[in-house]
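Novice: Spelled out from the first residue to the last, the chains are:
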Amino acid sequence: MRETWFLFRHFWKADVRAQHGVAGLVLFVVATVYAVYQVVRGRPEPETWNAMAWVILLFTAFNGVSRSLEEDRPEVLAYLRTTVQPLHYMLARTLHNVVVLSGLACLVVAFMGLLLGWADLDGARLWGFVSGMVLTAVALGTTLTLLALIAARAGAGFGMTAVLGLPLVLPTVLVSTTLGGELLRGVLVSDTWHNFAFLGALTLGSGVLGAVLFPYLWRAS
Amino acid sequence: MTASQHSTSRGVWAVRILGLLLLSYTFIMTFTVPLGPGIADVRVTTQTVTEEGGVYELEIVGHSTHFSTSAPIVFLRRGEHTLNASAIKALDDTHLKCRVRLPKYIPSRSYDVIVNGKSDGTLSYANGFFAEGLDVKSKARLANDAMAFDQLEEKDLGFHFPFQPNIMESIRNLMLHVPMWFTMFLLMGISFAQSIRTLRLGGDDDRDLRAVAAVKVGLWFGVLGLLTGSLWARFTWGAWWVDDPQLNGAFVTVMVYAGYLVLRGSVQDAKLRSRLSAVYNLFGFCLLVVLLMVLPRFTESLHPGKGGNPAFSSYDLDSALRAAFYPAVLAWMILGTWMYSLALKTERLRAQIADARLTRSSMPLPLLLVTPASTSSLEAVFTASGKMPVVVGVAVIIVMGLGLWWVRAVRELRRLGREESELLNP
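From first to last, the protein sequence lines stand for chains A and B.
So in our numbering, the last one in the first sequence is 221, and the numbering has no gaps at all.
So in our numbering, the last one in the second sequence is 426, and the numbering has no gaps at all.
By construction, these hints were calculated from the structure, which means they are not laboratory data.
Values in this document were obtained by computation on a predicted structure and should not be read as measured data.
Glycine residues also receive a C-beta, built at the ideal position from the N, C-alpha and C atoms.
Among the hints, a few may not be true.
[As the list claims (entries may be wrong)] Here are a few chain B residues that face chain A, going by a calculated C-beta distance under 8 Å:
1. V256
2. L263
3. V279
4. C286
[What the hints assert, rightly or not] Per label pair, the in silico range of CB-to-CB distance:
5. A35(A) to T46(B): 54 to 64 Å
6. L77(A) to V289(B): 49 to 59 Å
7. E45(A) to D243(B): 40 to 50 Å
8. G79(B) to L188(A): 34 to 44 Å
9. R43(A) to H95(B): 47 to 57 Å
10. G202(B) to L188(A): 47 to 57 Å
11. V294(B) to E47(A): 19 to 29 Å
Working from the sequences, and respecting the hints, build out all of it.
Specialist: Below, the structure is given as structure tokens:
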């Protein structure tokens, strides 16, 4: 556990020191939302709002996850392989991605609200939507981390992550868009809790699968 | 690895011959077992609503019925309320005219239409009649409420497939479309097992070859399942593709396995390739189970056997369908595993040649889903004679798809065999 925490802090420090990484993602979110605002001009329909929010989150997640792996230089990886247990590395990477993506999810909602309005979300339903976004970010972070690792090992970059990842995250996206759509239609948070449970189950499933499978990816050769 | 290690034993050939026999049985059953009689449509031709009540002229369209010889009786039914129709006149064997007279106040607006006759037995059409312009009162009664059901004629129709409104003759697709997915499940399961063995035991390249051969054949079955399902959907639900959890799940599954082949194509090192693709394969199979077996059960779906519409669930998968469906599943599965063994042979030859040359062979990409554009005249052709042409279309797609596969596989095997012998005896 201490190893995981140490690695997590290492990734975090690397992010803070080389600020262009996270700053690039923030810029991506802001620019995309602004582009959407320019296209829609004004207050979009709730359905459009919903679709935009989830698509922007999805693309941000792909960018964020594949970005974090390009930093691992071969020498650093070779060193880590001899000193760190694969499970700990995996957990730290996932945790790091999850924290970054959750922050970005909040940013997406905040910026969408600022430019495009809140699309009838208020009070508990707004917080429900935000927590749905964050939970989705957690699920995406967990699934995509493993896929980005596969893509990195295959020597391919962002494109391969997208090809492998898009079908695999589709169940998550389907559940979360349903959740968002229901909240926007005025369904109470207490009536869509099963979608939160689905998201949690998907996260748990892919997390366990990732933890079991990652050691096989970690080995050299 | 020598040739004798992988030669086919007599037992395997026995199973394959059994498979071929079952396959012929499947095709014979699919196309020759008659469909039971049923009501295809109920139309209101004229309606007169006055202060006293309504008079409706109905036209009933039957499918493989014998109205002109069986002197049928017609009545409406909702719960315990029934009402006889009068002035029943058979236009021909499949068209029937009749009149119903309803009072001003009725217990319900929609009724099941039931036709009973000597040669067809009892036929019913759920919610076939809707009484427009009348008022509903819960205490209202109909004239024939005390009708005795034991007077109805019963008829033993012999061995036949059950009639379903709207599905009609295309119920035969059950023996063609559904086993495609069963076979894909089996093949992906084989691939899953081989991938687990690759990760657990490592080393042996043959396990990896088994995994990829199973995925390639399974993907072929998946694509055929999508195409045949698309055609069937067009003529039962009215669209080539509908937004439905079961359909989306099937499509995503096919995409995941296409991604598997793309991943394999992009890694040069054989050891690394086998490990990476095995990890992805395990992920993909878990997703397949979630998408096709778990998620659709929690949501409303048009697709049979799931939430909204239990069309082929236990209560109407009757003995005739069972007698044709289970052998069909077995037959397609045997064919699938046969194709798998051929694909495995191809992969092994390829690997040997690549070893000999130290180059990598290229990976063919799977077919993508193509939905043809519809025209109205084409539609009329497909909906004719109880949607029987849909079944023919589905069979043609499958036979052509699998035929293409076999031609390709045999050619590929021959070519690779030639190449290998040239390499070994220059």
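Novice: Taking the earlier hints as the rules, which of them does this structure contradict?
Specialist: As far as the earlier hints go, 6, 7 are violated by this structure, in ascending order.
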